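Take a look at the letters that make up each chain.
There are 4 protein chains.
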Amino acid sequence: MTYVADLLATVSRRSRELIGWPEADTRPRKAADLSLLADALLSRRGEASGVALARDILTGYEALDADGRTEVLLAIADRLGPDRKRLADAIEAYSADPTEARAAALHVAAEPRRQELVRRLNLAPRGTLSLVRLREDVLARLDDHPGLKVLDTDLVHLFSSWFNRGFLVVRRIDWSTPANILEKIIRYEAVHEIRDWDELRRRLEPEDRRCYAFFHPQLEDEPLIFVEVALTAEIPAAIGPLIAEGGTPMPADDARVAVFYSISNCQNGLAGISFGSFLIKQVVEELKRELPKLTTFVTLSPVPRFAAWLAKERATETGALTSEERGALAALDKPDWRESPARVEKLDRLLARLAARYFLTAKGTGNRPLDPVARFHLGNGARLERINAGADLSASGLAQSHGVMVNYLYDLGRIEENHEAYAERRQVVTSSAVKKLADAKA
Amino acid sequence: MTYVADLLATVSRRSRELIGWPEADTRPRKAADLSLLADALLSRRGEASGVALARDILTGYEALDADGRTEVLLAIADRLGPDRKRLADAIEAYSADPTEARAAALHVAAEPRRQELVRRLNLAPRGTLSLVRLREDVLARLDDHPGLKVLDTDLVHLFSSWFNRGFLVVRRIDWSTPANILEKIIRYEAVHEIRDWDELRRRLEPEDRRCYAFFHPQLEDEPLIFVEVALTAEIPAAIGPLIAEGGTPMPADDARVAVFYSISNCQNGLAGISFGSFLIKQVVEELKRELPKLTTFVTLSPVPRFAAWLAKERATETGALTSEERGALAALDKPDWRESPARVEKLDRLLARLAARYFLTAKGTGNRPLDPVARFHLGNGARLERINAGADLSASGLAQSHGVMVNYLYDLGRIEENHEAYAERRQVVTSSAVKKLADAKA
Amino acid sequence: MTYVADLLATVSRRSRELIGWPEADTRPRKAADLSLLADALLSRRGEASGVALARDILTGYEALDADGRTEVLLAIADRLGPDRKRLADAIEAYSADPTEARAAALHVAAEPRRQELVRRLNLAPRGTLSLVRLREDVLARLDDHPGLKVLDTDLVHLFSSWFNRGFLVVRRIDWSTPANILEKIIRYEAVHEIRDWDELRRRLEPEDRRCYAFFHPQLEDEPLIFVEVALTAEIPAAIGPLIAEGGTPMPADDARVAVFYSISNCQNGLAGISFGSFLIKQVVEELKRELPKLTTFVTLSPVPRFAAWLAKERATETGALTSEERGALAALDKPDWRESPARVEKLDRLLARLAARYFLTAKGTGNRPLDPVARFHLGNGARLERINAGADLSASGLAQSHGVMVNYLYDLGRIEENHEAYAERRQVVTSSAVKKLADAKA
Amino acid sequence: MTYVADLLATVSRRSRELIGWPEADTRPRKAADLSLLADALLSRRGEASGVALARDILTGYEALDADGRTEVLLAIADRLGPDRKRLADAIEAYSADPTEARAAALHVAAEPRRQELVRRLNLAPRGTLSLVRLREDVLARLDDHPGLKVLDTDLVHLFSSWFNRGFLVVRRIDWSTPANILEKIIRYEAVHEIRDWDELRRRLEPEDRRCYAFFHPQLEDEPLIFVEVALTAEIPAAIGPLIAEGGTPMPADDARVAVFYSISNCQNGLAGISFGSFLIKQVVEELKRELPKLTTFVTLSPVPRFAAWLAKERATETGALTSEERGALAALDKPDWRESPARVEKLDRLLARLAARYFLTAKGTGNRPLDPVARFHLGNGARLERINAGADLSASGLAQSHGVMVNYLYDLGRIEENHEAYAERRQVVTSSAVKKLADAKA
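Protein chains in written order, with the numbering used here: chain A, 9 to 450; chain B, 9 to 450; chain C, 9 to 450; chain D, 9 to 450.
Be aware that one or more of the hints could be misleading.
Unchecked claim - So the derived label-pair ranges between C-beta atoms look like this: (1) A:A316 / C:T67: 48 to 58 Å; (2) C:G255 / A:A316: 25 to 35 Å; (3) B:R297 / C:T256: 43 to 53 Å; (4) A:G254 / B:E298: 50 to 60 Å; (5) A:A148 / B:D91: 25 to 35 Å.
Don't read these hints as lab results, they were simulated from the structure.
Computed from a predicted structure; not experimentally measured.
By construction, the Cβ of each residue, glycine as well, lies at the ideal position given by its N, Cα and C atoms.
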């Protein structure tokens with residue numbers, strides 16, 4: 009460790025000297041300087057100075073403000089495409105005689121220099137993490153700067169190699185996990201907020217709770233994704249009781265159901281990188297080994313796009329709703345609609361039916377379900393098992409889905425079959441109950 | 009483990025059914041079948057069946073004889089280049105409007121489907137190791153089948169990502185190392201053979217011996233490269249005493265010199281993949297931490313091409329040798345030339361001088377030294393320190409270098425500087441003694 | 009784990025049946041029942057039922073209230089001495105013919121059955137921890153129940169074997185330490201309170217802080233003792249700046265001094281069990297290895313008995329104080345004495361001198377220093393280096409020592425010599441400055 | 009490590025100076041010197057010099073020849089009993105007023121100083137191992153020197169504390185176990201010799217083989233006991249096939265029976281120290297967890313005392329044999345008795361019957377079975393399941409038991425019950441088949 013640190017300090021000084029910079033200028037301040045450094049990094053053959061330059065570029069980049077970063081990212085995207093002359097030559101050669109060898113040469117010539125730049129930046133200490141953070145910046149700017157799309161493609165291409173499934177490691181998170189990792193669990197929990205160390209402890213320590221996270225060696229202490237699990241006697245129909253304070257934990261050995269009630273992705277910069285769709289099954293398998301009496305593995309999941317879809321359908325007469333349904337839904341617009349038990353009962357029945365319809369018919373790009381959580385679990389081989397109206401009565405639960413939550417079921421014997429049905433044919437696998445609900449008339 | 013194994017067994021059966029194969033046919037026997045399987049693998053989206061297919065392909069490949077393997081490799085190289093139609097379209101689009109986005113699209117279109125195939129094969133259990141072994145086959149066939157070059161390029165490209173320096177781990181190898189790794193040290197030792205467990209123990213257990221190996225998580229128990237070290241009082245001038253049986257080990261604390269006397273690459277299939285040129289320095293640093301009294305880190309290295317070079321120079325009057333030198337060297341042709349001490353003394357002096365000339369003037373491709381061991385150590389930042397004639401009197405030592413060995417010196421304070429001098433300018437960094445020797449007249 | 013738990017559940021049921029207890033009566037309620045169980049435990053030969061009985065006894069004991077525990081402890085102390093008949097026979101046999109063999113037999117006959125009871129209780133799951141807690145109870149009752157002294161002696165005898173130095177393990181405590189251990193650091197900190205996780209983090213995470221704890225395998229996650237360390241440029245003269253919030257940490261590499269500013273024993277039940285006097289030196293050595301530039305290892309320690317000693321001396325005219333000193337000390341009685349800088353300066357000078365006298369002359373049992381912190385560090389081989397008046401201005405600091413703190417110096421080259429001087433001759437090793445101070449006249 | 013070594017070197021030098029020995033005299037040569045050193049060790053209070061002295065004594069002892077060692081051991085046994093004066097006073101005080109406190113004081117006074125000496129020797133580096141080896145010496149001399157019995161008693165008393173069951177750790181031994189431990193498995197195998205690394209590998213690597221060893225932290229790499237396991241389809245009736253070379257291993261998952269075919273104690277110096285009788289069950293449990301399809305756990309065990317017992321019974325007309333049986337057994341005296349199949353069949357039937365009788369009726373001290381292997385397994389809670397005549401046809405097998413071997417069955421549901429039946433009532437638990445055999449008439 010010290011050696012590497014010393015080495016880099018020495019080399020960095022030297023490489024700065026080589027490119028004409030005074031020692032004291034430890035932080036390049038202008039985006040333009042970073043572009044020059046990137047050119048220098050691409051042109052060098054020496055590894056030592058390369059590592060030092062990579063470090064300087066990433067450190068310098070992180071010290072820039074938002075505009076400076078935009079400038080650097082655009083410069084990389086625009087200026088570091090393939091060598092145009094070389095590419096033209098390769099096209100000409102290939103067109104003249106389209107052999108496999110010339111096709112391969114064309115592929116090499118067409119490679120954007122951005123990819124080599126990113127590879128070299130990756131050699132800096134903690135370079136991978138810096139690049140994941142850099143991609144967060146790219147994603148946040150894509151709408152305003154579509155020119156960054158090429159850089160995003162490069163990053164996705166390389167990340168897909170580096171975050172190869174074979175490197176991912178599952179580790180149980182519990183109250184004996186190192187504190188520096190636990191504080192990240194607090195920070196990254198995206199579904200049901202963890203407010204402090206005491207609440208964290210309530211999620212980890214009772215014997216009817218489990219938590220697992222996936223790690224990658226190059227990101228060391230940074231979890232990629234984690235799942236929180238509650239052990240119960242029955243498939244739960246509401247989130248409130250699961251995360252309420254107090255209550256006596258159930259003896260783990262008495263549990264029959266494992267509920268995945270919160271799944272959080274931790275690294276926005278890795279959006280779209282598949283960690284392999286079998287990860288959640290590792291947790292199922294882990295639990296089954298520890299507690300052989302568990303028979304049922306389900307989620308209790310939000311339905312994030314349901315309210316938006318419903319609003320859209322209500323606004324059109326030619327959509328998924330009958331006019332009768334549209335009429336009944338008017339009651340939803342009263343802020344206090346859940347205060348009358350009779351109204352709640354009627355509306356919840358209707359919402360469940362419409363949610364079933366939503367899952368089975370609302371499609372996005374590539375004929376995949378509109379609902380992102382459904383895409384995740386169906387892609388993992390789960391089955392949409394049950395729809396629970398009135399399951400999340402928090403403000404955000406009512407806002408995004410009028411309180412509806414669902415259970416996805418992971419049945420080990422069916423998991424690959426379901427996965428293949430979804431992956432190959434985009435089939436939304438559901439229980440017969442959900443199917444019946446979707447077909448039901450009012 | 010069991011879960012994954014079970015899963016794969018299930019999935020594999022199912023995927024065979026899907027592609028119309030009876031269960032019992034566990035091993036495809038014909039190369040042509042494997043090509044079909046490869047097509048199937050490339051066309052599927054489901055991950056479960058993909059992993060199963062990958063496994064079947066690799067297992068099937070390993071069961072083939074040499075001709076069958078050649079057939080499969082050629083089929084992959086020839087048939088799985090880029091999609092020609094799509095590539096032609098991308099060229100046309102780019103030529104019409106050469107934006108960065110279209111250049112990027114062209115790069116993607118030009119990617120050989122071989123690369124995607126290799127990526128998917130890599131997901132099979134122990135897939136990486138199978139692919140490293142497969143590349144051994146490719147390398148062995150390159151001369152006879154130059155069409156395999158494109159496949160080799162693909163493998164090198166992907167291996168370079170996967171064997172990213174950040175994943176390499178140094179571990180000390182000693183007598184408390186697991187036996188399954190130790191047996192590989194015995195097997196892979198390439199410089200000075202280890203005959204049995206007793207000899208292995210003599211290289212590992214005495215307190216003046218050390219051994220370090222580099223590992224990669226995806227190859228688990230397979231070392232990539234290892235170095236054997238002897239601790240001594242002085243820079244050694246001959247190999248014999250270092251590996252002789254018997255003798256009392258020196259107390260480690262009395263040593264001043266660490267001698268890297270054997271460095272073996274273990275995986276032929278990774279030839280040309282740079283593991284980063286700073287690896288050997290990790291060992292230096294490790295030793296320095298353990299034994300702060302060590303002052304000098306040198307190799308005792310063979311000179312594998314010297315005799316061949318000398319023979320060539322002797323055959324021409326316009327080469328590197330004076331006619332006087334050519335005359336004196338005639339004595340080398342007598343099989344018993346080392347039996348007369350006077351002759352030995354005179355010839356050894358001459359051989360040392362010519363070896364110095366060889367290192368400084370004999371160049372191969374890219375203006376790099378002809379000597380492969382010199383390329384390795386100079387690239388690592390070492391300095392050619394001393395030339396030792398009469399250092400290796402074994403049959404092979406006499407055959408490859410007339411008994412000459414050399415010491416490369418690793419000076420931590422100079423290592424990056426030397427590395428950069430070699431990497432950027434191909435400078436052969438030597439001690440002044442070697443320089444003087446090279447300049448000396450008879 | 010599960011197996012052992014299952015096994016114990018089964019066996020416990022069975023052993024309860026054997027001794028005539030209904031299954032449902034899981035908790036013996038009366039102290040008298042526990043005495044019966046103890047007799048049963050001593051009389052059995054079967055290990056399985058013995059372990060179950062041991063568990064029942066310890067669980068039952070922990071469920072008792074304070075009076076019930078007193079009753080059980082007294083019963084063990086009184087009733088489970090040696091077998092009197094057997095002892096009388098052994099005395100007679102020895103008196104008749106005092107051979108070594110008969111002396112040995114006498115020793116065995118004289119062993120209190122309490123020791124065998126404690127050994128068997130130790131086999132219960134977490135038995136050792138339960139026994140350490142039980143000794144806390146014994147210690148708390150010794151004054152009121154001197155008959156418990158014999159039980160305390162037995163526990164000390166056995167603990168000394170079990171907490172054999174060879175089993176102790178030093179581990180660094182930092183922000184990546186498991187949370188369940190960190191919460192014990194918060195709980196056991198006895199010198200300078202840690203209020204919450206944020207304060208804990210300030211003591212562990214900055215690069216100029218270190219913490220080390222000693223563990224024993226049979227107490228798993230229970231630290232026995234821990235030290236908190238601050239890295240500084242100079243030997244500190246006051247505690248305030250060391251534990252203040254905010255401030256920039258010093259680069260670890262710039263530090264020259266390591267200050268042990270808080271040392272907490274965690275297990276009252278192990279009072280008087282020596283963990284070997286070389287433990288703190290392991291930390292010194294650990295730090296020296298990590299940071300070779302450190303030259304000085306000191307404590308900043310409280311002087312817990314100084315104010316009490318001084319009050320006693322002030323109350324007598326024949327004690328350690330001159331009448332002039334007694335006069336000057338009257339100013340201490342004003343609650344606001346530290347508000348006048350002139351008075352503070354004068355009094356601090358006097359207090360430093362008297363503290364030096366206190367360390368060198370105030371003795372307790374066995375001619376050892378009265379000050380318990382001094383006994384600990386001198387016994388460890390430290391030297392009393394410097395006296396700092398006005399070093400701890402907290403309410404407790406003023407109450408126990410009028411604000412005086414001291415530095416003990418750990419000089420690796422002198423540590424054994426100092427230790428031996430103290431262990432063999434009770435010499436209080438001090439710097440010449442402290443000696444001069446002690447000799448100084450007003 | 010280095011620190012401790014350095015420290016000891018310094019302290020050792022100093023302690024030698026203190027006791028008037030020149031530095032250069034590193035090895036005391038005479039037993040008498042060691043006795044003086046032992047006195048010095050007992051009289052010191054300083055821990056540093058104590059550790060150094062302990063090391064000198066143990067090193068010096070190991071350098072002595074057999075007679076020198078005898079002399080030292082006898083001196084310790086004779087001279088370091090309790091302080092006779094103090095013991096006499098304690099007896100007098102106790103006799104005058106036999107309180108618990110005085111009984112406790114008498115126990116302390118009666119403690120042989122040998123025990124304190126052994127405790128202090130244990131603090132030397134690797135002291136515990138040295139003391140285990142020293143007890144081997146004591147055991148080897150007990151017959152000739154009964155005066156050593158008191159020292160043996162002291163060692164057993166202290167070892168029983170130190171080798172407390174809670175510290176024992178089970179580890180699987182396989183082909184990835186460190187070589188320095190594997191070589192000890194080769195060395196300590198006591199039942200069926202392992203000739204070289206290749207044979208070792210055959211016992212560890214095939215998937216139908218397992219090996220487990222028990223370790224203790226103070227003996228580091230020294231196994232205490234290990235078991236070799238073969239996985240089979242049926243309970244085996246002969247040892248030959250199990251350890252024969254060649255043969256295809258059975259898939260672990262197809263096995264139904266785990267056979268403990270070799271159990272070796274490694275440390276003679278720990279003879280008689282119980283490691284707790286539930287150790288073998290940990291292995292059963294471990295196997296059950298890994299391979300849930302295993303249903304049967306048996307040994308294939310030798311019957312070491314059977315032939316001797318039979319010879320004795322044949323020699324008397326009033327013993328366990330009928331005259332008819334004695335007549336039939338005459339055939340055993342022919343060296344080639346196993347060459348006639350008819351004779352073998354008849355004799356094997358008789359031998360099985362007599363072996364059953366031997367197990368059920370032949371008793372040693374304390375009404376325990378004469379057979380030591382039976383005592384071990386019955387004490388562990390196993391049941392004598394089956395008797396196999398003609399099971400071990402090796403020379404030693406024929407010599408010790410006329411070829412008879414037996415299976416002990418470990419039935420997890422019965423294990424504690426069996427253990428208690430043996431421990432409390434010395435009951436020999438057998439299958440009904442064995443019982444019937446024992447009752448059978450010819």
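Which hints, by number, does the structure contradict?
2 and 3
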